[in-house]
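All chains should be built: construct the whole structure from the sequences, respecting the hints.
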Amino acid sequence: MKSIITLLLLAIFSFSVNAQSKSTLIFGDALLKDKRMERIGTVLTVVGSATLFTGNILYWKSYNDNGNNGPDAVKVRNAGHIMLAGIGIMAVGIPLWAIGKSRERHIRIEAELVRFKDFASANGIGLKINF
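FYI, in our numbering the residues of the sequence shown are 96 to 226.
Keep in mind the hints are simulated off the structure, nothing from the lab.
Being a predicted model, the structure only gives us computed values, none of them experimental.
Be aware that a few hints might be false.
Just the calculated beta-carbon pair ranges, DEER-fashion [to be verified]:
1) Arg172 / Ile204: 44 to 50 angstroms
2) Gly175 / Lys196: 18 to 24 angstroms
3) Ile189 / Ala125: 18 to 24 angstroms
4) Ile135 / Gly162: 39 to 45 angstroms
5) Ile194 / Pro166: 38 to 44 angstroms
6) Asp167 / Ser197: 43 to 49 angstroms
Quick reminder that beta carbons are idealized off the backbone N, C-alpha and C, glycines included.
Spelled out as structure tokens, the structure:
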């Protein structure tokens with residue numbers, strides 16, 4: 096009876112160890128997720144920059160169109176809101192872009208280490224000699 100319990104515990108432990116091993120499929124899924132994050136961040140940053148630029152042009156246009164008269168308060172407020180929206184979109188896009196790129200780089204490094212796991216050492220890639 097004790098040997099059966101020991102055998103079952105050993106089998107459960109070996110299944111959990113095998114489940115935690117790193118494979119290229121896991122890295123592939125994570126890499127796709129982080130590339131998607133980077134792409135979304137890039138798109139949001141570009142859209143936010145364009146929105147900020149458009150709001151800035153509308154703001155200066157509202158001051159230059161009226162000559163000596165003061166600008167229309169509604170136009171100035173709307174241009175300010177457009178600029179704030181552009182800054183907000185960029186504030187979301189830039190961190191997504193940076194985090195996605197950083198994670199992608201870390202995953203690529205980790206995937207290379209797993210691919211060359213027979214040559215990996217504590218300091219990087221080395222040579223193992225087995226006797």
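Here's how the hints hold up against the structure:
Range check, arginine 172 to isoleucine 204: about 49 angstroms between beta-carbon atoms, so the 44 to 50 angstroms window is met. In this structure the supplied range 18 to 24 angstroms is violated for glycine 175 paired with lysine 196, their Cβ-Cβ distance being about 32 angstroms. At about 22 angstroms, the CB distance of isoleucine 189 to alanine 125 agrees with the hint of 18 to 24 angstroms. Restraint check, isoleucine 135 to glycine 162: a C-beta distance of roughly 44 angstroms satisfies the suggested window 39 to 45 angstroms.
At roughly 40 angstroms, the beta-carbon separation of isoleucine 194 and proline 166 lies within the given 38 to 44 angstroms, and the hint holds. Range check, aspartate 167 to serine 197: Cβ separation about 45 angstroms, and the 43 to 49 angstroms hint holds.
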